[in-house]
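Q: Sequence:
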Amino acid sequence: MIRRHTARVATDAGWFLGEGPVWDPARERLLWVDIMAGDVHEGRLDDDGGVERMRTWSFERSVGAVAVAADGDLLVAERETLTRVHADGSRTRLARVLPEGSPSRLNDGAVDPSGRFLVGSLGGDREVLVRFEGGGCTTIDDDLTLSNGLAWSPAGDRFYSVDTLTRRVYVRDYPAGERSVLFTVDDGHPDGLCVDADGNLWLAVWGGGRVECRSPQGTLLAVVEVDAPHTSSVAFAGPGLDVLVITTATQDLSPGDLAAHPLSGRLFTARVGVTGLLPPYWDPGL
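If you count the sequence shown from 1, position 166 lands on 315 in our numbering, and the numbers rise without skipping.
Source of the hints: derived by calculation from the structure; they are not laboratory data.
Each residue gets a CB set at the ideal place from its N, CA and C atoms; glycine is no exception.
Accuracy of the hints is not assured; some may be wrong.
[What the hints assert, rightly or not] Distance ranges between label pairs, derived from CB positions:
hint, residue 1, residue 2, range
1, PRO262, THR155, 26 to 36 Å
2, ARG152, PRO248, 41 to 51 Å
3, GLY238, GLU374, 35 to 45 Å
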């Protein structure tokens, strides 16, 4: 039987393209981005699953993703480049991922179990997924339509990735393995995802107003209903890693859609009876 859950709204404010939630356990803070606004937000999660925004870092152009190091520094995927934000607020350009003036932009990113940052792109004909290591980028995929959610199995030996426009969720052995289609999404488009402590996938479905839980074999196990059509990404957060945080967006919604779903763009949370994995920190030394 498929389990059913309903998410609750967690913020008073909303964002145009909320994305990429990341839990920082050492500082008990939640990070997420508003992509087109070029903002990285920091918030606090309360005992009832609400999120209070505490701080914002703004960038000149879009921001696809954020990661955090053990010392609290941030790694931010700007439109074409990767930037480190130090504790004192200063910023260091680390690498250029896309050519200057590219029609593409960086999108979703995540830290692998070894502490390396992976990020993909969207906007052009052949999009990439790369791994930042040794001061440069190693290409993993170069044939994507819209690179999106990234996650790893509890053992770190299986890697899941999303190609949104083809509606595919891929799986492969990690760090080196042949990519194959795990499943496709028929109603809506797969977006951000994470993995729980049992190894199951939690996938935000853009245009579907829901989060799906799938087994490692792709079987549908549970659905979280969200009162926002464009659910964009997910992460487990909180001291017990037992709160599923869901980002949403108002992008591409008509006035009628917004009237029917006025909570669109806000963060949502749900307790789904499982816990997430302790998120790895980005290692600047790799």
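Q: If a hint holds in the structure, say so; if it does not, say that too.
A: Quick rundown of the hints versus the structure:
1. PRO262 x THR155: 26 to 36 Å: holds, 32 Å
2. ARG152 x PRO248: 41 to 51 Å: holds, 45 Å
3. GLY238 x GLU374: 35 to 45 Å: holds, 40 Å
Of the numbered hints listed earlier, not one is contradicted by the structure.
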